[in-house]
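2 protein chains.
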Amino acid sequence: MNLIGTQGQDGQKNLAIFSSVIHMGSNPPLIGFIQRPTTVDRHTYENIISTSYYTINAVTEDLSMKAHQTSARYEKNENEFEETSIEHEYLNGFLAPFVKNTPMKIGLKLEDIIPIEANNTKLIIGKVEQLHINEDYIEEDGRIRIEDTTIVGGAGLDTYLRTEKHGRYSYAKPDETLKNL
Amino acid sequence: MNLIGTQGQDGQKNLAIFSSVIHMGSNPPLIGFIQRPTTVDRHTYENIISTSYYTINAVTEDLSMKAHQTSARYEKNENEFEETSIEHEYLNGFLAPFVKNTPMKIGLKLEDIIPIEANNTKLIIGKVEQLHINEDYIEEDGRIRIEDTTIVGGAGLDTYLRTEKHGRYSYAKPDETLKNL
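Residue numbers (numbering that gives the first Met the number 0), protein chains in the order written: chain A, 0 to 180; chain B, 0 to 180.
Just chain A, same shape as in the assembly (with noise of 0.2 Å):
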């Protein structure tokens, strides 16, 4: 689960919780998100479009509960980062807040706007401008060990998860001896 950071040309800053953050790609790397209709007021989509900048930030356990909160209906002039007590941060001089309590945050540059003529969604693709990470959690290899952090995903609308290892597997090539496990 995920926490956009925004804000408007006025400044007025926006956080809004999104399940559907999906990687697109590494080499330009790529991060999409799904925004839903925008028949109602979307100020994530409407900042986003204005300033071509936002953050996505892990939600962890101790932010589920507020992040969760984000999801109510605010008005435009209300900032959400106050509204749930939840803490930002602006980093080497990025445009858009970041939420300051995660051990992972990455700010994007809107990169494509697609729109999903199946059900009127769009899909949001930013390129990646910064990278925050604990590095506590940053193996030498560079694998990051999610499953270590408080970090939390998400199960329909309204279920967190916590996250523990289960395996990690090598560069998998074809093998006949496979065929009898």
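Hints were generated in silico from the structure; no laboratory data involved.
Among these hints, one or two may not hold up.
It does not matter which identical chain is used: a pair holds within one copy or between any two.
Unchecked claim - Within a straight-line C-alpha distance of at most 27 Å, the following computed DSS-like cross-link-like pairs (lysine-lysine) qualify:
| hint | residue 1 | residue 2 |
| --- | --- | --- |
| 1 | Lys75 | Lys121 |
| 2 | Lys108 | Lys121 |
| 3 | Lys75 | Lys108 |
| 4 | Lys164 | Lys99 |
| 5 | Lys75 | Lys172 |
| 6 | Lys164 | Lys108 |
| 7 | Lys12 | Lys172 |
| 8 | Lys172 | Lys108 |
| 9 | Lys75 | Lys164 |
| 10 | Lys172 | Lys121 |
Following the hints, position chain B against chain A.
Just chain B, lined up with the frame of chain A:
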């Protein structure tokens, strides 16, 4: 993590693991996944184009090692079900093969293929036609207790994660008292 099952017009089965499956919307029920550049053979993609039908099957702890092995570059005339000893089954006359030993599997019909210019990938969108879920995991209100199954999530290209329930929150509404959380 999910295994996508397909077959060609000639009945040749194919099974491949995908980390990029995403919920696109509920009405109509649409699920998407990202197909990497089709510059090399992509059997899953070719079969979906050719037949319009495919299955998405949740990876469990027991399946994870074999599921990972489907990422090896097998030839088109090799069948990953057989090569990795993952059992298949056909259900309710659906054209594409399902994975047998998983509590959650979905039969989809191709709805749209959306080219992503930014990195030459494609978003493949399917409409849910069949949903097979072990009833032991469905609550009275319809929630699926993913955390009580052995279904695994993924991190990066090679790590598989178990899940555990952290919390479930009710529908959020603006609330002044939360400012002091």
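Going through the hints against the structure:
With identical chains, the CA atoms of Lys75 and Lys121 are at most 27 Å apart within one copy only, with a shortest distance of 21 Å there and 34 Å across copies. Taking identical chains as interchangeable, the C-alpha atoms of Lys108 and Lys121 lie at most 27 Å apart whether they share a chain (16 Å) or sit on different chains (20 Å). In this homomeric assembly, Lys75 and Lys108 come within 27 Å of each other (Cα to Cα) only inside a single copy, at 22 Å, whereas the closest approach across copies is 39 Å. Taking the closest pair of Cα atoms, Lys164 and Lys99 come within 27 Å of each other both inside a single copy (26 Å) and across two copies (24 Å).
Within a single copy, Lys75 and Lys172 get their C-alpha atoms only as close as 52 Å, which misses the 27 Å cut-off; across copies the closest is 15 Å, which meets it. For the homomeric pair Lys164 and Lys108, neither the shortest alpha-carbon distance inside one copy (32 Å) nor that between copies (33 Å) is at most 27 Å. For the identical chains of this complex, Lys12 and Lys172 are inter-copy neighbours only, at 19 Å across copies versus 48 Å inside a copy, given an alpha-carbon limit of 27 Å. With identical chains, the CA atoms of Lys172 and Lys108 are never at most 27 Å apart, being 36 Å at best within one copy and 30 Å at best between copies.
In this assembly of identical chains, the alpha carbons of Lys75 and Lys164 never lie at most 27 Å apart, being 40 Å within a copy and 33 Å across copies at closest. Only between protomers do Lys172 and Lys121 lie at most 27 Å apart by alpha-carbon distance; the minimum there is 25 Å, versus 36 Å within a single protomer.
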